[in-house]
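What follows is the residue order along each chain.
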Amino acid sequence: MIHSYKEQHITALTPDAIESKADEMKKAGYRIEQICARSKDGVTTLLYSFDKDFDLQNFRVTVPQNMTAPSISKYYWAAFIYENEVHDLFGVTFTGLVLDYKGNFFKLEKPTPWKTEPKTAEGGE
Amino acid sequence: MGKRTIVPFGPQHPALPEPIHLDLELDGEKVVRAVPSLGFIHRGLEKLVEKNDYNAMNYIMERVCGICSFGHSWGYSGAVEGLMGIEVPERAQYLRTIYLELSRMHSHLLWLGLLADGMGFESLFMNCWRIREQILDIFEATTGGRVILSFTKVGGQHRDISDETLKKIADKVTTLRPELKRICDVFIDDESVKNRMCGVGKVSTDEAVELGAVGPTARGSGVNNDVRCTGVGKYEELGFAPILEKDGDCYSRCKVRVKEVFQSIDIICAAVAKIQAGPVSVPVKGPAPEGEYVMRIEQPRGDAFYYVVGNGTKYLDRARVRTPTDANIPMIVKVLQGCDLNDVSMIVLTIDPCVSCTER
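Taken in order, these protein sequences are the chains called V and X.
Going by our numbering, the first residue of the first sequence is number 1, and it counts up by one from there.
Going by our numbering, the first residue of the second sequence is number 1, and it counts up by one from there.
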């Protein structure tokens, strides 16, 4: 069955459910599509996307105020590229990253505004 | 074990069309590890969404990259249209399909030229770019721009292209076929080209899926993840089927792109034959975008992912682009491990990195 590009599957997840969801998606045969972040009013949110046969599943996670999240690179090795980028641009620290460039992946002269704005307490979606 | 050295590849290198840096850790002539770093052309374009309304942001999005410009414009506009519940007219969808395929042709021809140049095949490089110029002439004659077209907007297209002009476009790309065949036969059949590419940078189907590869890079390993199969544009009505190769080496990836150039000609001619009269845009009215939406477009390098978040005002909260090269960097890192130093440029080139897209 070919899924339409119009189908939208965006589900909220708690930070402690990220790893188990990644494991579940990996076992179901999904590949990693992307990971991105957004920052608004001091709250950082991550969007994880997985794809299998054009069935795109997206999961939204609010990052706690300490700006750490578990890495899913032990399930999806290729996730290191997105997690390093999110770390360098948004300041989220991913624990357990298999290939950690320690801030040297996206080399910029100055930190991004997303990284420097003050973080508030965890918000809800 | 020999002495290990670290050789910088890029950001300035004859094989690289754009600046990306790879630190190659070598054991003799073998690459042990490749460490990428980006940031040479990061412009912070995504942050500009907070200061430019969703219509103006289209002009910024199409400037993410000069090669993939039209696709970015469509992807971003499509995402905002999805967020606002706008249905683009049929004629606009056909025009988008035609221009994305023209964009694919010019991108693949650019890449073929760079590949030839990377092998020292200067005359082949010049011939590829000479043909590519004719595609850019089509863009300039119809939209006013060779590279940045400003043709797509939220709600459809800025202007119509007459049926007579579309027929001329179809005739023009059809006349390119014999020249393209003559050039592409060199890529496919020449012994020196095959010696440089066959068996080099092999990636199996499972590895390509595991590494999250997209586009011709993945289709060269037999992975069908061509987003044109999901109903975007008018591809379904035009009988589109993705091109797949099985061997997974540089030669396979090259063959996919060569065949896609000819396939694009077929799609353009079929679209011109089927397009009907009608409006090319709808008025964008009603409440400002609110919510979130995900859109994907099959750019020349693979599937590009667009994520927009609206907050009920004319300024979006987020406009994220995950470009195909972003998804293919893990494959570069993995495939370079264990390869010879003299194969590095071939492997990197056949993955076709577009660094402007990656860094935004």
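These are calculated hints, taken from the structure and not from any lab test.
Any given hint might turn out to be false.
Unchecked claim - One-sided and incomplete, this derived list gives chain V residues near chain X with beta-carbon spacing under 8 Å: (1) Ile32; (2) Gln34; (3) Arg38; (4) Lys102.
Unchecked claim - Here are the in silico distance ranges between beta carbons for each label pair: (5) V/Gly42 with X/Glu236: 42 to 48 Å; (6) X/Glu236 with V/His9: 38 to 44 Å; (7) V/Leu108 with X/Lys194: 39 to 45 Å.
In this text, all values refer to a predicted model and were calculated from it rather than measured experimentally.
Positions of the beta carbon are idealized from the N, C-alpha and C atoms, including for glycine.
Numbers of the earlier hints that this structure fails to satisfy, in rising order: The structure breaks hints 4, 6; every other hint is satisfied.
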